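Chains A and B supply the protein sequences, listed in that same order. Counting from 1465, one number per residue, gives the positions in the first sequence under my numbering. Counting from 1465, one number per residue, gives the positions in the second sequence under my numbering.
Worth flagging that the hints you see were computed from the coordinates, not collected in a lab. Heads up, some of the hints might be wrong.
Identical copies carry no separate label here, and so any pair may be met within one copy or between two of them.
Stated by the list, open to error - Each computed DSBU-like pair below joins lysine-lysine, with the alpha-carbon atoms no more than 30 Å apart:
1. Lys1526 x Lys1541
2. Lys1469 x Lys1541
3. Lys1526 x Lys1469
This one's a predicted model, so the numbers in the text were calculated from it and none came from an experiment.
Protein chains: 2
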Amino acid sequence: MEILKVASRSNPNSAAGAIAGALEQDGIVEIHAIGAGAVNQTVKAIAIARRLVEKEGTPPIKVIPGFMELQIAGEEKTGIRFIIER
Amino acid sequence: MEILKVASRSNPNSAAGAIAGALEQDGIVEIHAIGAGAVNQTVKAIAIARRLVEKEGTPPIKVIPGFMELQIAGEEKTGIRFIIER
Chain A
1465 MEILKVASRS
1475 NPNSAAGAIA
1485 GALEQDGIVE
1495 IHAIGAGAVN
1505 QTVKAIAIAR
1515 RLVEKEGTPP
1525 IKVIPGFMEL
1535 QIAGEEKTGI
1545 RFIIER
Chain B
1465 MEILKVASRS
1475 NPNSAAGAIA
1485 GALEQDGIVE
1495 IHAIGAGAVN
1505 QTVKAIAIAR
1515 RLVEKEGTPP
1525 IKVIPGFMEL
1535 QIAGEEKTGI
1545 RFIIER
């Protein structure tokens, strides 16, 4: 499964294109976001990606958000992991 | 369908309880969030709500984010609307 990292400065349209491409190829993609700005850009990107991949009559894509713990420069951080499935 | 409004100052645990309660009762709930802080709190609340409503062997709850346009004090604002289904 492809893992995309979205930051607060990520362009939601570009991230949406990457999400749509991964969904077309694998049917599933994982996104990691750390911080409120990154989570917001991720949600916007997912909303845009829906317009790219959802066809008339197909069910909406499924988004499953959860927490993830990670170490950045020796510090414990909590991020959000989104699993997205067609 | 119940509509919950989450703000940047909302407590994610309280919002999670409200989401879980609405899902237990109706199987579906809508959440409105305006701004990066509110969207971040909403995503955290959903991640916490999953722990409250997902039982062993049940599928994860489905989250469908989209944009919504609304007028606040005469100004056009774009918010995020989350539809959450069991």
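Okay, the hints, checked on the actual structure:
no.: 1; hint: Lys1526 x Lys1541; verdict: both (26 Å within a copy, 26 Å between copies)
no.: 2; hint: Lys1469 x Lys1541; verdict: both (15 Å within a copy, 27 Å between copies)
no.: 3; hint: Lys1526 x Lys1469; verdict: both (18 Å within a copy, 22 Å between copies)
In terms of the numbered hints stated before, the structure departs from none.
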